[in-house]
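Undergrad: Protein chains in written order, with our numbering: chain L, 38 to 269; chain P, 822 to 946; chain D, 3 to 152.
There could be a bad hint or two in this list.
[Stated by the list, open to error] The calculated EDC-like cross-link candidates involving lysine to aspartate or glutamate, where the alpha carbons are at most 20 Å apart (straight line), are:
1. K163(L) to E11(D)
2. K100(D) to D137(L)
3. K6(D) to E108(L)
4. K92(D) to D141(L)
5. K111(L) to E82(D)
6. K111(L) to D137(L)
7. K9(D) to D98(D)
8. K878(P) to E253(L)
9. K163(L) to E82(D)
10. K854(P) to D898(P)
11. K66(L) to E43(L)
12. K9(D) to D133(L)
13. K878(P) to E897(P)
14. K92(D) to E108(L)
15. K878(P) to D249(L)
16. K854(P) to E838(P)
For the record, the hints were derived by calculation from the structure and aren't laboratory data.
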Amino acid sequence: MDNILECRNLVKYYPGCLALNSVNLSVPKGRIVGLLGPNGSGKTTLIKLANGLLTPNSGQILVGGRAPGVETKKMVAYLPERTYLNDWMNVNTMIDFFGDFYADFNKAKAYDMLQRLHINPADHLKTMSKGTKEKVQLILVMSREAQLYILDEPIGGVDPATRDYILDTIISNYSENATLLISTHLITDVEKILDDVIFINMGNIVLTATVDEIREKEGKSVDAFFREVFKC
Amino acid sequence: MAWNLKSDRPIYSQLIEQIQLMVVSGIYAAGSKLPSVRDMAAEASVNPNTMQRALSKLEDDGLLYSQRTSGRYVTEDVQKIMQTKNGLAENLVQEFIRKMNRLGFDGEQTVDLLNRVMKEEGQNG
Amino acid sequence: MLGKLLKYEFSATARIFFPIYGLVLLMAGITRLIWKMDTESVNIPRMISMSVYVALLVAMFVITLIVTIQRFYKNLLGDEGYLSFTLPVKVHSQIDAKMLITLLWSVLSVVVSAVSIFLLVMGPPRPCCNSAADAAKSGNCTANMDSPRI
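Next up, chain L with everything else stripped away, as it sits in the complex:
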């Protein structure tokens, strides 16, 4: 079973809006994949479906060959756009929490990353700035030795130096043979770490290609190519 994520004629609609229009997709293991598309293209819907937060109207979505459920949640490490940490906890408690629920969570790695970022584990989440909370969340997710990491806008809203740090953290910490699915608007920063890209628009997959293919064939960066494809 070579694909960590598969969609077969996947359809999802909300009242008055077709979010995913019979999508077919295969994402192999061990790749870093960019999910790129304008707002409202269906990226977040696809991500929520993969995480079992939504159910398909028709068609299938398979994670590691199974429909999303308790077993797939064990294999997936999800970093949503929002902060989802429990406000009342401090960082230590949050680490214990992750350790309790996820067998693949590496506490030592988490503490190491926190230390390098000078974040005090005894600090309460409520007292932290938004930026620090986002870093804590990233550390928690990347300390899991998951098979599929789904990162939704991991570098949105942070300064360039932090963006570099986040990208470096991502590429040095994901486990061997895991797949990373990164959904983002900030293509320029991210494209140098991507293997493959998926362009999605209005619920349809417009293109799947490797970054090198695009650069070689089009002679331009993925960012520039994206702007062409999605010109308003």
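Please build the complex by placing chains P and D on the supplied structure of chain L, with the hints as guidance.
TA: Same frame as chain L, now just chains P and D:
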């Protein structure tokens, strides 16, 4: 050394060039051990898969070799390194000639200009 | 997994309930002391302390309800839901855990109310008296049914 990667060419071919440059200039000395794929990828801020591809290609070319358990090394074959150096130099020259042609300089004019500038550089040295 | 959920749900809510229980019991004790005092012009403090105590009792039950709703809202429907629902647990376990903890606090609230009323009416427990004479002397023996004078 900062990795200078452009966004309109495939990363993997740029990595190959950069590593060749580092070997030729002695940053990775002949016979020395290279850092792990992950470390090199982190340094260059690229995907480990892409770095792996570049390194494998260089192994195929003979500039690098890997020992099963101990990692990757630069070749001790100095000839090979010279070859690579010359290859890189030739590429530079070819590109230079192409660009000069686009400016409208033919071969002879190019050589003249080259000599003149080098003399000036020598005087200012 | 349910056990772990219970553990964290308990921790999340205990920080609210234990202080309230403490306050209720404390207020019961204070009210009793004030009512036991024999001095003049003690009527206003008595009214105040009794009102505060009753208000706290009512608040305790209201808060139990509010906290329950708030936990569901915040931890499941709000941003925290992104974490709660991607944990490798069955969805109904999340709900079961919250309902069980709510039950726990409800029962405890009743228990604390009962204890506080006992405190109010009887005062803090003292070692039992051995004779009637002793009982008459120490006006606060548990064997003595002493009720606040209205």
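Undergrad: Each hint needs a verdict: does it hold in this structure or not?
TA: Structure-based check of all given hints:
no.: 1; hint: K163(L) to E11(D); result: holds (17 Å)
no.: 2; hint: K100(D) to D137(L); result: holds (18 Å)
no.: 3; hint: K6(D) to E108(L); result: holds (17 Å)
no.: 4; hint: K92(D) to D141(L); result: holds (18 Å)
no.: 5; hint: K111(L) to E82(D); result: holds (18 Å)
no.: 6; hint: K111(L) to D137(L); result: holds (12 Å)
no.: 7; hint: K9(D) to D98(D); result: holds (13 Å)
no.: 8; hint: K878(P) to E253(L); result: holds (17 Å)
no.: 9; hint: K163(L) to E82(D); result: holds (13 Å)
no.: 10; hint: K854(P) to D898(P); result: holds (14 Å)
no.: 11; hint: K66(L) to E43(L); result: holds (11 Å)
no.: 12; hint: K9(D) to D133(L); result: holds (12 Å)
no.: 13; hint: K878(P) to E897(P); result: holds (17 Å)
no.: 14; hint: K92(D) to E108(L); result: holds (10 Å)
no.: 15; hint: K878(P) to D249(L); result: holds (15 Å)
no.: 16; hint: K854(P) to E838(P); result: holds (18 Å)
Consistency with the previously given hints is maintained throughout, with no hint failing.
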